Structures are given as structure tokens and as C-alpha cells.
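Kindly produce the complete structure, drawing on both the sequences and the hints.
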Amino acid sequence: TKAKKSDSQLDDKPKESAVPSQLTLEKEKIRAEEETRRKAEGEIRRKKAQRQEETRLKKEEERQREEQQKQARLAEEAARKAELEEKERIQREAEEVRARAEAEAIATEKSGAKRSRDEKGAKQRGRTLEGKALGRRRSQEKNQSSLGLRRRRKAALEVEKQGGEFSRPVQKIVREVEVSDAITVGELARRMSVKAGEVIKALMDMGEMVTINQTIDQDTAVLVIEEMGHKVKLVASDRMEEELVLSQKTEGEPEPRPPVVTVMGHVDHGKTSLLDYIRSAHVVSEEQGGITQHIGAYHVTTKQGAITFLDTPGHAAFSAMRARGANATDIVILVCAADDGVMPQTQEAVQHAQAASVQMIVAVNKIDLDGADPDRVRTELNSIGVTPEEWGGDTQFVNVSATTGEGIDDLLSAIVLLSEVEEFTAVRQGTAQGVVIESRLDRGRGPVATVLVQQGTLARGDVVLAGEYFGRVRSLVSDQGKVVSEAGPSIPVEVLGLNGAPVAGDMFNVTVDERQARQLASARATKYQHKITSMRQSSRLENMFANLGKGEKRILKLILKTDVRGSLEAITEACITIGNEEVGVQVLGSGVGGITESDVNMALTYDAMIFGFNVRLEKSAKVVAEQNSLDVRYYSVIYELLDDIKKILEDMMIPEVREEIVGTAEVRDVFHSPRFGQIAGCRVVEGTVFRHKKIRVLRDSTVIYEGELESLRRFKDDVSEVRNGLECGIGVRNYNDVREGDRIEVFDSREVARAL
706 TKAKKSDSQL DDKPKESAVP SQLTLEKEKI RAEEETRRKA EGEIRRKKAQ RQEETRLKKE
766 EERQREEQQK QARLAEEAAR KAELEEKERI QREAEEVRAR AEAEAIATEK SGAKRSRDEK
826 GAKQRGRTLE GKALGRRRSQ EKNQSSLGLR RRRKAALEVE KQGGEFSRPV QKIVREVEVS
886 DAITVGELAR RMSVKAGEVI KALMDMGEMV TINQTIDQDT AVLVIEEMGH KVKLVASDRM
946 EEELVLSQKT EGEPEPRPPV VTVMGHVDHG KTSLLDYIRS AHVVSEEQGG ITQHIGAYHV
1006 TTKQGAITFL DTPGHAAFSA MRARGANATD IVILVCAADD GVMPQTQEAV QHAQAASVQM
1066 IVAVNKIDLD GADPDRVRTE LNSIGVTPEE WGGDTQFVNV SATTGEGIDD LLSAIVLLSE
1126 VEEFTAVRQG TAQGVVIESR LDRGRGPVAT VLVQQGTLAR GDVVLAGEYF GRVRSLVSDQ
1186 GKVVSEAGPS IPVEVLGLNG APVAGDMFNV TVDERQARQL ASARATKYQH KITSMRQSSR
1246 LENMFANLGK GEKRILKLIL KTDVRGSLEA ITEACITIGN EEVGVQVLGS GVGGITESDV
1306 NMALTYDAMI FGFNVRLEKS AKVVAEQNSL DVRYYSVIYE LLDDIKKILE DMMIPEVREE
1366 IVGTAEVRDV FHSPRFGQIA GCRVVEGTVF RHKKIRVLRD STVIYEGELE SLRRFKDDVS
1426 EVRNGLECGI GVRNYNDVRE GDRIEVFDSR EVARAL
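Once you know that position 321 of the sequence shown is 1026 in my numbering, the rest is easy, because the numbers rise by one and skip nothing.
If you are wondering where the hints come from, they were derived from the structure by calculation, not from laboratory data.
Fair warning: there could be bad hints in the mix.
Below, simulated DSSO-like cross-link-like pairs (lysine-lysine); rule was C-alpha separation at most 30 Å, straight line [unchecked claim]: (1) K753 to K763; (2) K900 to K877; (3) K763 to K877; (4) K1421 to K1399; (5) K1258 to K752; (6) K906 to K877; (7) K938 to K900; (8) K1258 to K744; (9) K734 to K744; (10) K763 to K734; (11) K877 to K764; (12) K1352 to K1327; (13) K752 to K764; (14) K1008 to K1187; (15) K900 to K775; (16) K906 to K752; (17) K900 to K936; (18) K1258 to K732; (19) K1262 to K1327; (20) K906 to K938; (21) K1232 to K900; (22) K763 to K900; (23) K906 to K775; (24) K775 to K786; (25) K1258 to K1351; (26) K775 to K753; (27) K877 to K786; (28) K900 to K764; (29) K906 to K764; (30) K753 to K764; (31) K744 to K775; (32) K906 to K1232; (33) K1327 to K734.
All values reported here derive from a predicted model rather than from experimental measurement.
This is the structure in C-alpha cells:
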């Protein structure tokens, strides 16, 4: 059956093809290459002009500096000349006073008749005149300095009005300034005993725009020091560190110490519950989501002996914290649930322990549950290189239950036995050394660092250097919350008195005095800041080159605040790993402590979000955030924070366009209308054909046209759809080459959110 012609209601609205031709693509590619070449040439010309301008500015600055020095010399000569003239005038006045006194004396001698009578009075008058002359001389000498100073100031002002610079005629103190690899502007000013503004001005004269906290390299610092008239002493960055090592004193013989045991394992396998049972303290309920939020250190005295435990988090985001825990420990307790087996975090814990070369004891937990299979745990761990002793290996396996306490004594006995075999010792006397377990900012107490003493004894009043921070120990608090006077090897304590929160994993040392600690802390901070700046510049360059020729990468800007330093590092590292070539995360600012008004202002300035981990907005910051409807989110569980970041990035990605074929029609005949052009008489062979949907025309299974179905009719009726098995007339917009036997596919496009 042939489809009837239907030309009375057909619309004729032309539309350009949605598929660009190959020639157009080639032209666009050539045009893009030409544009890139022009930009490169323009950049070369700009840099050349910039170098020429810099050369001209340097010459102009040298000329101005010479002119200023010349004007300063003229001012100095003028001041010296004025001073000499003032001295000569004072001498002339003094001579006149003496001459008047001599004339009065001669007149007195000539009056012979009255000499004897008035001799006494004459002497008195002479003394009076001499006293007056002496008073006048002293008054004149007293005023000459202020008069000369006023003249010198006047001369200096005249020179300054002419663009010169006045130099006081005094001898300047020349200092020997030590400079290592890099230094901040403020620290350089302190070492030269000058104001930071003078150093900034000197750098501006050299063409460098800096701030007081900005880091400058060694060469620039040398130029500034020499420009300001001081001597330079170049020192190696490691020299002060070597002096610190040499200053560490250990006295006496090594003594046995309690073993430091790190508890590792997968999420919710019972690490904290195991420690809770051992030290009989109910802390499990305080942990959010069954995950330990930061490393805790506990010193426990058991029937078997004293043991120090480190409880490391089990989530994958805290792998860096777990690694630091392994490096600070003697024995690793690997907790693995008997009903769950070996998980990814379990394997990571094994790798960290093996990399740190520490002994391992496996605690097969939850043996009291139905479905517990301790042999399965042994088999799976054996497959990754942890072989039980009963199977011929060297790793102790102990079946335990943190709920019932079954096997806990066996586990403690295994720890003590292993520590006796390994013979863990330390020197108790001497300066203390150790590692920072965790740090945070406490609102009432300031920076608080949890440290583990490894050598010597840490006492109140000691000057401690930890990473980039230092301070005198104001107080020591034990893991039980008691204030103690000292802490020996393998004892964890909280240290109060530092000027900042050090990074978890930093080594701490007791220094000779605060001066040495301050210098080392400043050098470390400067070196770290210089490293961060270099990394950021390198990252920006890499991103710029990576995105050449691509669409602009969408960036989620974050300001991150946490309660402790270890959580901050772990979350920041996890954020960096989230994303792809299309979207990513940029942490604009981060820190330990509450969310301040400064954080809110930064977020408003750079259109960023604020994420708080176990912290809240301060009162003033909350007012500003609410007034500006700033997005501030709070979290207490790490994986919820990371999941939210992932969802936000997925929403920022360009959605995927998916096509769905909704109907197919075969062309049975072609009709021509003088008014509406070509009309295809078709039969729907699959699905449903809809009007105003996108279509493809296929000939011999090859797409020859893609456009829009403009009109759809059945007999004389204009319809919106035609179902399978029915005949219809189809008008294709802006296409007049449909042939009998062609197939017309009708499809629909929809956007689908993409996942990372």
C-alpha cells in the first residue's frame, strides 16, 4: 500500500545540519593552529619588550641612586659648612665678651683715688661680669647644638625636596647576618635589626614586590644584606641540624623500657574495642561511625607488664597517619575480624608494618560471633606473606574477643614475650627525644602536642623543638589527664607551651636554649614555605600545559578546618586524589581550630566552600557567613566528608548525552510537492515515530543525514506519533534526497549524570 500525498499542512522551516563537515573541521583545526602560533609569537614579543623595559628601569634606578648619593653628599657638605660657621660666630662673641671685661678692668685701675676705697667693690663687679660672661658663653654653647641641628634638618629637607636622600653623619653598626637556602622577609629584617619596611623598600628598589611573610631565595637575601651595609655569612641549611644532633646528650647505660605497640586493622574490626577492654576505659561510644578519628596514645600497666599502645585509624584516608604510627612503634597488633577476613585496609596495615621492619602479632577478633572462621583469616594472611607460627612462620596469631575478653591475657603475654626477645631499651638520663603523635589547638590551652618520648627524660621547663615550632614546656599531662613533672622513655604525654601545632610524625628534641630552637624552627619553616611555593608554581605550570587545547578544568575550591593536625593532613591528601582531568579539588586554605571570620572572608572572596571537621564557626564568623549565605558544612566522620566532595564534583562534571532509538520507519515511496518539497511515504517497522524528534536517514546501514522530523501525517491528518505497523508520511526538515529503501531512525537524547 502506498502512502498518500499530504501537502496541505506541511511546514517548511529550514534548519542547518547539526553535523559539521570534514572540511569545516579541518578549517577549524588550521585556524586553531594559526591562533596558537600567533599567541606564541605575541608572547615572545611581549617577553622581549618586558626585558627591554626591565633593562631601562634598572638603568633609570641606577641613575636615580647616583643622583641621590650626590645630593646626599652635597647635603652633608652643606651641614658641615654651616656647623663651622656657627663655631666661628660663637668664638667671635666670646672674644668680644673678654674684651669688654678687660676694658672695664683698665678703667677701674685709672681711678687711683677711688681704687683703695672701691677695690673690694671693683673685684666684686669683676667677678660679677666674669660670671655673666661665663653664663652667656655656656648659654651660647648650649644653643649652638640645637641651632646646628635645625640648620642640618633644613638642609636635609631641601635635598629631599629635590629628590635626594639624607644620610645622617653617624657610623652605622655593621652586623654579620647568617643566611641559609631561603629566608622570609620578616626574619631577614630581624637578623639585621632593622624594620621589615626597610627590607621591603630595598627589595622594591630592586624590582621585587614582596610581603613581610614572603620567602626569598639566598641570592636575593645576599643582595639585600650587602645593599644595607651588612656582612653576609652563608651557612648550609643542614649545619644547624648537625649542631642540634651534637648537642643531644645521653647519659648512663641503656635500660629496659615498655614496648610501644601500634594497633592496626580494617574499619570496624574492633581495634578501639580491644584497647577499651585492655585499659578498662569506655571510649568506644565517643568514636563516630566506629572509626577512630585521630591517633590516641595510652600507657597501660597490666599483670604482664607496662605497655604503651597507639591506636591508629582504620579508614583508607588515614593511611599516612597509620604509616607514621608504624614508624614510631616496636610491635604491631594487626586486628582482623574472624567473620570478615582480610580487607584492603588490612593489607595496607601489613605493608606499613613490613616497610617499617617491625614485629607483628595478629589478633583474630570477634571469635564469639556466629560465622567466625579464624582459619580463614590465617589462610588469607598467609597468601599475602604473613605466615602463622603453627604453619612454620614467624608471626604469632592469637584468637581474641574484645566483647567477652577471651584471649586478651594471651595477647598481652605474647606482647611481653616478644618485647623480652627483642630487648627494647632506652637511655633514661639526658635530653629528651621523641616523636609527635598528634597535635591540636585547644581554645583554653593553646597548641597541644601529644608526644611519645623515645630517649631521655622530658621535664617541665625544657625548651622543645618540634618540626617548625618551639617553646618552653609549660605543663605535661599524662594520658589519664593528670599533670606530671616529667616523662621517660615510651611514655606518651601532652605538651603545652609550643608556639604552634606541629605535624603528627615530626621528631621533637630538647635544645640548649630558646635561641637555638628559634633559629632552627625559623629555618625549617622558611625551607618548608619555599618548598610549598615551588610546588604550587610547578603545579600551576603543569595544569596550564595539561589543559592546553582542552576545556577549562572545573575546580571545587575548599577551605578546610579540623580539630587536629593529623586529620587535616589526611583529609587534604584524600581530597587531592579525588577528581579527574575534568574536575578537581583545590584547598585554598586549611588549619587547625575553629572557623574564623578570616576564613569566611577568604571563602567569600574566592567563591569557596568551608568544610569543618569536628570544629564550628566562631560567633563573629557565623554572623558574616549567615549574612552572605555562605555554604559551610560540618562533619564528624571522614568518609561522609569525602563522599560529599565526590558528589559535588560529579555534579560539576558535564553530563553524558545518551541516545535512545524510539522508532524506525522504512521508506516505501517518495512523493514531491511543489510547495513542501520531498515527502517520504513510510511504514513504521519498530517502536513509535514521534513528530519533532531527532532523526537519522540510513542508506545501506550508513548514516547519510541527521536532522529533525519536521512533519508527520496519517492520510490527511496531522498527527504527533505513529505506532509500529502503521503507514505515514514524513517530512524531513532541510533535506530532499530521501530514496525508496532508506530507513529513518527516530531517537531521543537525554543527559545522564556521570560518576567519578
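Verification of the hints:
1. K753 to K763: Cα-Cα ~15 Å, so holds.
2. K900 to K877: holds (15 Å)
3. K763 to K877: holds (27 Å)
4. K1421 to K1399: Cα-Cα ~23 Å, so holds.
5. K1258 to K752: holds (27 Å)
6. K906 to K877: holds (19 Å)
7. K938 to K900: Cα-Cα ~20 Å, so holds.
8. K1258 to K744: holds (21 Å)
9. K734 to K744: With a Cα-Cα distance of about 15 Å, the restraint between K734 and K744 holds, given a limit of 30 Å.
10. K763 to K734: violated (43 Å)
11. K877 to K764: At roughly 28 Å apart (the allowed maximum being 30 Å), K764 and K877 satisfy the hint.
12. K1352 to K1327: Holds, because 25 Å separates the two Cα atoms, which is no more than 30 Å.
13. K752 to K764: holds (18 Å)
14. K1008 to K1187: holds (22 Å)
15. K900 to K775: holds (26 Å)
16. K906 to K752: holds (26 Å)
17. K900 to K936: holds (17 Å)
18. K1258 to K732: At roughly 26 Å apart (the allowed maximum being 30 Å), K732 and K1258 satisfy the hint.
19. K1262 to K1327: Answer holds: K1262 to K1327 is near 20 Å, not above 30 Å.
20. K906 to K938: holds (22 Å)
21. K1232 to K900: At roughly 22 Å apart (the allowed maximum being 30 Å), K900 and K1232 satisfy the hint.
22. K763 to K900: holds (25 Å)
23. K906 to K775: holds (20 Å)
24. K775 to K786: Roughly 17 Å separates the two Cα atoms, so the pair holds.
25. K1258 to K1351: holds (16 Å)
26. K775 to K753: violated (33 Å)
27. K877 to K786: Holds. K877 to K786 sits at ~22 Å (cutoff 30 Å).
28. K900 to K764: Holds - the C-alpha atoms of K764 and K900 are around 27 Å apart, at most 30 Å.
29. K906 to K764: holds (18 Å)
30. K753 to K764: Holds, at about 17 Å.
31. K744 to K775: This hinted pair is violated, its Cα atoms lying about 46 Å apart.
32. K906 to K1232: holds (23 Å)
33. K1327 to K734: violated (51 Å)
The structure fails to meet hints 10, 26, 31 and 33 from the earlier list, while all remaining hints are met.
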